[in-house]
Structures are given as structure tokens and as C-alpha cells.
Amino acid sequence: MIEKIIKWSRLKSPWILHLNTGGCNACDIEILAALMPRFDVERVGILLKATPRHADVLICTGPITRQTKDRITRVYQQMPEPKFVIAVGACAMSGCVYRGSYNVLGGIDQLIPVDMYIPGCPVRPDAVIDGVVKLLTKLEKS
Amino acid sequence: MSITIPIGPQHPALKEPISLRMTIDGEVIKDADIRLGYNHRGVEKLFEGKTYIQNIYVAERICGICSHSHTTCYVNGVEKLSGLEIPKRAAYIRVLIAELERIHSHLLWLGVAGHEAGFDSFFMYTWRDREIVMDILEEISGNRVHYAINTIGGVRRDIDETQKTKILNHLKVLRERTQYYKNLGTNEPSFVARLSGVGKLSREDAIALCAVGPTLRASGVDMDVRKDDPYNCYEEIPFEVCTSDTCDVLGRTVVRINEVLQSYDIIEYVLKNLPAGDVRVKAPRKVPEGETVSRYEAPRGENIHYIKSNGTDKPERLKVRAPTLGNYPATVAMLKNGFIADIPLIFAAIDPCICCAERMAEIQDVKTGSTEIKTFDELKKYSKKFDKHTEHKKDVEWPL
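Order-wise, the sequence lines are chains A and B. The letter at position 115 of the first sequence is residue 112 when you use the working numbering, and the numbering goes up by one with no holes. To convert, take the position in the second sequence, counting from 1, and add 471; that gives the working numbering.
Bound-form chain B, shown alone:
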């Protein structure tokens, strides 16, 4: 007999609201169903009502962990549309922030993986070191999480010599500690035993299910947008794409630790070879008519922004495909035939960022089980119709 266990939307293993339904037989998971939409804020619709400059700040708030990924992806796309060439110094600073973000995101993930595996000291260690990265980011941009460094035509803040030395000093400490975690994470017998063989995803499945980022690279597929389709001067910067062929959670851990070590090299290269010059060029308010797709390698995988412009100062359509959404089908495959105790570990191993992924326009009828994909116009009509039935507090004015 099979039983269905609901997990979430509020659950201690999940930091964000998502609902998982597991059909189990004894201890073994037979089927998994991921239900989304708790975090849907209608960001794509908001983009249409705001100017290109205002949209940078909305794009930043798609996700708090990969905020720089979304703004860079968006800003690169807008610059491509308007034919702007950004100064080289600005591109280098973007790379610097991007790599710092990758380090903080991966350290955060390592901690969470340790926590889910029952290795809480590891959790505390990595989060302690993550604070160093947050300090560097605060030093450069003035804020810990939403850096707001990007603007159309370049970056908003420059780096001076004192900041450079400070960052390099911090990096020395970080590198030493990361090396220690690498030894610990790959040699500590109980930790390795807990992670290896959990959440298997074969190379063929990873490709067929369109997995992205470290999940894909841990299945032995050598794919990284930074190498395959370089943006922001990545073609000039020497680095390696880290892969692993163990196809399990251990592999994903190793890939992420190696990527952090690669990021240190990139940051050192960027700081030592930072070209002189301006950090931004003046950008026109209106963007010429056209459409473009912008790709970016976020910490969690490939991030895609599609931008359509109609010649005004507001975009006509902006579509975001966040990396976590690309990893959901693979997660279901990983969960199948696993154990209940492995659910948090497997789910955490894709580094889910639910707020990133919540812009889907899929409506599922629970009674019939049928799924329909709504087109954007249909959804617009639906949302207008829905709005009439909403109860708002009467004294509240909606300024927008």
C-alpha cells in the first residue's frame, strides 16, 4: 500500500515555501510531486510597468542570494539591445562581484549540506567564513545582500587600491579554510558515507531532463556558460570548469568546493589585471525595438532572460528562466527510489532557490489531474478577472 506524505509549505527542512508530495511504499519514495506558486509575486508583469532603470531593482529582488546574477543577466540583455559597449573596467568589476556571490552562495550551500547530513559543526564553520565574503561585498557595494552595483552602461561604484589589498588579504584566509573543508568534506568517512550514492542522476538523465549548473556538472557534463558563451570579459580570464562523474550528492559537493577555489583564482586575476578607465557610459533612456536573449552562469546554473522591447522606455515583455526551475524535473528523478530520510539532502543538493523559480504560468487542476499551460494573454485576462474578486482592506490605497 502506498501513502502520500505532504511536506511543506512550512517545514523545518525548507527555508522557503514549497510543497512536496511524496508517494511512499514503506521507506522508499515511489513518486514525487512538487507544487509551486507560494512565492509567486508576478515579477514579470511588474517589469512591464516600470522603466528599464527601475527594473534593475526589481530584477535584483527576484532572488536575494543570486541578486547579482539576475541584474547582470538583465543589464547585459538591455545593453545588447541598445548596442552599448561597456568600459572594460566595469565588466571586470561585474565579474568580481559575480565571483564573490558565487563564493558566498556555495559556502552557504556547503553549510546547508552539512546540516542536512547531520554535520552541524561544518554548517557553523562555513557560515562563519561566509561572513568574510559578506564583509568584502559590503566594503565594495555598501550592502550585504542586494549589492545594486549594476546599472545600464556599467557599474555604480569603483574599486580603489586600499579595497584591493583588503580583499586580497581576506582571500588568503578564505583559501586556506576552503582547502581545509575540501580535505574534510572528501576524506571524513562518516560525511562521505552519508553523501555518496544518494540522489543518483546519470549523465544521460541529466542531459535529457535539462539539469543545469553544479547538478549537471556533477553528472560529468562539462557545461558552463562562462566558457561556452562568454560574457563580461570571461574569455580573457583563465579558469577551469569543475566536473565530477560520481553523479551523486558527494559529486555535487566536490564540484562546488572546486568552483569556490576557482573563483578565488578568478578574483585574484581580476584584481591584479583591473584595467584603468571609467566605470560606466551614459545610456539612453529608450531602448530600440527588438528582442534578445541573455545568458548568465549563476551559482545554481544557467540563468536566461528574454527581453522584448517596443522602442519605449519600458520593456514589452521580460521572461526569466531561473536555474532552479531547470533542476526540478531532475530532482523528481533523483528522489524516485530514494529513502524518506534522504529527501532534505537530495532536495538541498540542487541548491533550490524557490523565489527565483516562482514565475511559472502553469495551472494544475487537482481534481482531474490535467495540466494546462496558459499563454501570457490568457493569464493576463485571468489575472484581471481574478482581481475583481479580491478583498482588499478598504482604507488602503494602491498607488501603482
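Okay, chain A solo, but in the shape it has when bound:
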């Protein structure tokens, strides 16, 4: 019974944490735009949280840089179970134009497991919403 309630609440109101791991800011403002009046994901219960300890879903933008590598692991470890990761944008998926640079280690999946990829350079706010919804449908079935 309690498990049912937990699952229901997790699906109805996923709390997200946005982490820029070294991206160019474009995906970040598009994610913010998804929270703003036109798209307004807050009306469907998706809330942007300030700390990893409150979050269910980690949204990563940008490739992994040497400097952020340890910080991503730390933020990921601080999140309570069960946790999900969405890689937003071409950089978070594979490194995009920064591929091959001495300071870039590639996509997010090199370091932590990723549940959903949203392609685009940068992604559109509608694509972000679509990605989150698809992740939730995946959860519902599990």
C-alpha cells in the first residue's frame, strides 16, 4: 500500500535537480524556459529543487570536464534512491563539438548511468518536457 502511494507521488510530482557539468549555457536557459510561463512544467508537478538530497531526477547538461568530474559523482551519490539521470543536449550525450578536447571526458554516461537522452543542440523546452514525460512512462511500467 505504502509502496503504491510512493510510486504514485513519484510519478505525479518528480523533483528535478539541474546540474551544468560544463556546458555552454544554452541547454540551461532552455531548461529554465521550460519552467517559465509559456511551457510551465510546474503546473504538472515538476519542481526544480535546490539540493540533490531532495531530488528524484538529475538533469545534466554539458560534457564532463575534468574539474566537474568529482562533483558530478558526489552530487549523484547524495541523491536518495531511486534516482534517475537525464542527459540533456548533444554535449551530455557524446561531447558534441568539444569532443577530443584535453579537458573534456565525453558524455555523462562515461561516469554515471543515464536513463534518458534528449538530443538537440540546444534542446527545445518542449523536448525537455517530452523527455521527462517519457521517463515517467517508463517508470510507470516498471
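Mixed in with the good hints there might be a few duds.
Claimed, not checked - Just the calculated beta-carbon pair ranges, DEER-fashion:
id, chain 1, residue 1, chain 2, residue 2, range
1, A, K135, B, E556, 50 to 60 Å
2, B, N640, A, P116, 32 to 42 Å
3, B, L655, A, W12, 44 to 54 Å
4, B, N640, A, D127, 26 to 36 Å
5, B, E659, A, P34, 12 to 22 Å
6, B, P660, A, K135, 47 to 57 Å
7, B, G668, A, P77, 40 to 50 Å
Claimed, not checked - Below, a list of computed lysine to any residue pairs in the SDA-like style, where the Cα atoms sit at most 25 Å apart:
id, chain 1, residue 1, chain 2, residue 2
8, A, K66, B, P477
9, B, K790, B, M595
10, B, K790, A, R96
11, B, K516, A, G97
12, A, K46, B, A812
13, A, K46, B, Y596
14, B, K790, A, Y99
15, B, K790, B, Y777
16, B, K516, B, L552
17, A, K9, B, K516
18, A, K46, B, I476
19, A, K46, B, S553
20, A, K66, B, I478
21, B, K516, A, S91
22, B, K653, A, R96
23, B, K785, A, Y99
24, B, K779, A, G97
25, B, K698, B, E556
26, B, K653, A, L29
27, B, K521, A, G97
28, A, K46, B, F590
29, A, K66, B, L507
30, B, K785, A, R96
31, A, K66, B, S490
What the hints assert, rightly or not - A short, non-exhaustive set of chain A residues, derived as facing chain B with CB atoms under 10 Å:
id, residue
32, P11
33, L29
34, L32
35, Q64
36, R71
37, N100
38, I126
Worth flagging that the hints you see were computed from the coordinates, not collected in a lab. The beta-carbon is built from N, C-alpha and C at its ideal position, and this holds for glycine as well.
Using the hints, position chain B against chain A.
Coordinates of chain B only, in the frame set by chain A:
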């Protein structure tokens, strides 16, 4: 007794990774230390391995908010080196996109300033209107953030009459709303009380610490690259440089709102006086040997690109000085003797764009506190040495 508070790299007040260390005494900040490098992607090194055309797309991805600033600055420099004269229509379209970018960036900033001051409805209002600008940009270029309109020798897309009327209609709405925000932002007593007197930066300090953009202009210094060293036909376009002499966050807000209003005038002028003709000329793949410096007034201030060519189709060296980097020393001065509660507001007031600024080659030894500036060759050697110790996933192939 003083305490050091670390803020970041992941912090709710910051959208991008940066670490601030504040030494505080009670509520008062005694010293501030900004630590960079979380966003360092080695863009300058990447430039050297790619051709001039490919580099436009890398330059665009230095920053997502001022993407047009970096490409225009880069492309202007390359054109100067190869002695190309771009068609006037192309220069006008570049100005049009640049001003639209300034509007969207400033509206975004106004919202953030409202949010940091606890005025969230203002945040929502300005972001609602920012969507109109994004629509215009999408209409012209096909993308919301990375417009990719520039190419060496001109622009990639033309504007037709229907688009012109659409933009002018959108502008009417925007102008009306911005006028309302100007009244609101400068007359609403609680908002003004929160912003005035915060983050003081005197005129002398602003000049001495090399502040740029609206931060400098809010300290009463009349400096704008568009007026002082015009590029892309800015000398033909009538506009005013907005300044304020209050030297605080309120002044920076007023300067930005006035600049948005000026940008509307510029866009109207550009659309009404758009010259006929081609939008680009054919550019040679190779760029003759030489070096040049290109300046550009980005929404956040002066953007400088230094390009050195060795006669091939790839640049030998490309150095970028982004406006945010120029504003860091001034930020430390602004934070000193302020309150902890003002940190987000002061830091937001320079409109920090961390991804722009992260290409520094400064290495700080935390134990000894000594700072050394590495030359580029040293850094290259260091990066090669460092690369050997990196653990890559074994099945991953690096194509480049």
C-alpha cells in the same frame, strides 16, 4: 573571528558551476575569492585543430546566451585578415540579430535580478516577453538559441517582407511592456529599496579594475564599442549610449532597461533601411598570414577575439577575452563590505556568463597560495603530460 563560507560549484543561486569563497565577519563580507575552471572545455585549443568554417560553430558554442557575439567577433576578425568586404545587407542583418540577442539577454537578466531581489512576478513577466524575442529569432534563423546566422563573407539567411512586418508587430508589444517594466523597476518602492546602494562600485574603481559593459556604464563611464570603435555599419545607425551614475545594482538595472529600449529603435531603423543586394560573398578557404584583434559589444560588455593566422585553412592561435572575465575583479570589489544576503544580487548584477569566461590559463597552488600564469606552450606540455594519466573507458574511440 572570521569564517569562510564556500558557495558552489552546485548552488541554487548559480545556474552554472562556479565556486565562491567568502570570508565573513558576522554578516559582513571581508574578502571574496572566485574559483574558476569548472566549465573549462579547452575551446581555444579546439580552434587550432579545426578549419575557419568549422570554428564558427565552435565559437558559437563558447556561450549559449551570447552565441551571436562570439561568432560575429570571430567572423569580423577573419574577414579583416582576408580583406573581405561583406555586403551591406549582411552587415545590417548581423546588427539585427545582435540587437535581438541583446534584448533577450537583458530581459533574461532583468528577470533574474527580480528573482534575486525576491520579486518573482517580475521574473515571470520578463521571461514571458523573452519568449516573443525567441520567436522572432526562430523566425529569422530557424533556431532559438544557436542562430548560426554568420558565415565568413556574410550571413546565411535573408529576411523577406513578411518577416519584417511580423518583427515590427512583435516589437510594438515588447516596447509597450518594457516601458511598463521601466516604470515598475524604477518606481516600485520595495524593489528600489532592495537594489539601491547594493554593490557599490565607484567610477574610479570601475576604470581601475577594467569593468566592462553595463557594469561600467552604470558607474557613469560612457563607453560602448558600438560607438567608440564601430563595426558592421553601427556608425550609420543612430542610437545613444545609456549610462547611470548611481554606481549600484539599481543603476545597472536602469542601464539595461534603457539599452533594451535603444535596441528597439535600432531594430526599427535596420528594418526600415535594410539595403538591397546579396547577403554574402564567396570567401577563400585559406586566410593570409597575419594577426588581428576584433572587438564587439556583447550584451555583457566588450568581447575581444585575437586571431593569428599562418596562411593555412586553420588558425594558429585564437584567444577569446569574454566580458564576464573582465568583470570578475570588479565583482570582488563590490562584494567586499557587503552583506551575505546581497551575494546573489551583486553576483547576478554583472550578468555572469561562466561558460564564456572559462578559458583562463591560471593555476593556483592552494597550499602555498601562490599564483602562476602559464604560457601557452607550458600549458600545452602540461596538458599532454596530464593526458597520459587520464582514465578513459576502454571501448571508447576518440575520433579526433
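Quick rundown of the hints versus the structure:
Taken as a hint, the range 50 to 60 Å holds for the pair K135 of chain A and E556 of chain B, whose Cβ atoms sit roughly 55 Å apart. At about 33 Å, the CB distance of N640 of chain B to P116 of chain A agrees with the hint of 32 to 42 Å. Range check, L655 of chain B to W12 of chain A: Cβ separation about 32 Å, and the 44 to 54 Å hint is violated. Checked against the hint of 26 to 36 Å, the C-beta distance between N640 of chain B and D127 of chain A comes to roughly 30 Å, which is consistent with it.
Checked against the hint of 12 to 22 Å, the C-beta distance between E659 of chain B and P34 of chain A comes to roughly 20 Å, which is consistent with it. Distance hint for P660 of chain B and K135 of chain A: a CB-CB separation of about 50 Å, consistent with the stated range 47 to 57 Å. About 42 Å separates the C-beta atoms of G668 of chain B and P77 of chain A, a value consistent with the hinted range of 40 to 50 Å. Among the hinted pairs, K66 of chain A with P477 of chain B is consistent with the structure: their alpha-carbon atoms are about 19 Å apart, no more than 25 Å.
A distance of roughly 37 Å separates the Cα atoms of K790 of chain B and M595 of chain B; the hinted pair therefore is violated under the 25 Å criterion. Our distance criterion of 25 Å between C-alpha atoms is met by K790 of chain B and R96 of chain A, whose separation comes to about 19 Å. Pair hint K516 of chain B plus G97 of chain A holds up; C-alpha atoms about 10 Å apart against a cutoff of 25 Å. With a CA separation close to 20 Å, the supplied pair K46 of chain A and A812 of chain B stays within the 25 Å bound.
Taken as a hint, the K46 of chain A and Y596 of chain B pair is honoured in the structure, with Cα atoms around 21 Å apart against an allowance of 25 Å. With a C-alpha separation of about 17 Å, the suggested pair K790 of chain B and Y99 of chain A falls inside the 25 Å cut-off, and the hint holds. Taking the CA atoms of K790 of chain B and Y777 of chain B, the gap is near 5 Å; set against the 25 Å cutoff, the hint holds. As the CA atoms of K516 of chain B and L552 of chain B are separated by approximately 20 Å, the hinted pair is consistent with the 25 Å bound.
Proposed proximity of K9 of chain A and K516 of chain B is contradicted: the alpha carbons are some 45 Å apart, above 25 Å. Under the criterion of a C-alpha separation no larger than 25 Å, the hint pairing K46 of chain A with I476 of chain B is consistent with the structure, at around 21 Å. With a CA separation close to 50 Å, the supplied pair K46 of chain A and S553 of chain B exceeds the 25 Å bound. At most 25 Å may separate the alpha-carbon atoms for a hinted pair to count; K66 of chain A and I478 of chain B meet this at roughly 18 Å.
With a C-alpha separation of about 19 Å, the suggested pair K516 of chain B and S91 of chain A falls inside the 25 Å cut-off, and the hint holds. At most 25 Å may separate the alpha-carbon atoms for a hinted pair to count; K653 of chain B and R96 of chain A exceed this at roughly 44 Å. Restraint check: the Cα-Cα separation between K785 of chain B and Y99 of chain A comes to about 19 Å, which is no more than 25 Å; the hinted pair holds. Annotation: proposed proximity of K779 of chain B to G97 of chain A holds, straight-line Cα distance about 22 Å (limit 25 Å).
A distance of roughly 21 Å separates the Cα atoms of K698 of chain B and E556 of chain B; the hinted pair therefore holds under the 25 Å criterion. Annotation: proposed proximity of K653 of chain B to L29 of chain A holds, straight-line Cα distance about 24 Å (limit 25 Å). Between K521 of chain B and G97 of chain A the CA atoms are separated by roughly 11 Å; this keeps the pair inside 25 Å, and the hint holds. With a C-alpha separation of about 19 Å, the suggested pairing of K46 of chain A with F590 of chain B holds against the 25 Å cut-off.
Note on K66 of chain A and L507 of chain B: the hinted pairing holds, with a Cα-Cα distance of about 14 Å set against a maximum of 25 Å. About 18 Å separates the Cα atoms of K785 of chain B and R96 of chain A, which keeps this hinted pair within 25 Å; it holds. In summary, the hint linking K66 of chain A to S490 of chain B is supported, as the alpha carbons are separated by about 15 Å, within the 25 Å threshold. Below 10 Å, beta-carbon pairs count as interface contacts, and P11 of chain A has none with chain B, the closest being about 18 Å; its hint is therefore violated.
At its closest, the beta carbon of L29 of chain A sits 7 Å from a beta carbon of chain B; the interface hint therefore holds under the 10 Å criterion. Here the hint on L32 of chain A is kept, as its CB sits about 9 Å from the closest CB of chain B, short of 10 Å. A cut of 10 Å between beta carbons decides the hint on Q64 of chain A: the least distance to chain B is about 5 Å, and the hint holds. Taking 10 Å as the C-beta contact cut-off toward chain B, the hint placing R71 of chain A at the interface holds, the least distance being around 9 Å.
Annotation: N100 of chain A was flagged as interfacial toward chain B, and the flag holds, the nearest CB pair being 4 Å apart, inside 10 Å. Residue-level restraint check for I126 of chain A is violated (minimum Cβ-Cβ distance to chain B is 15 Å; threshold 10 Å).
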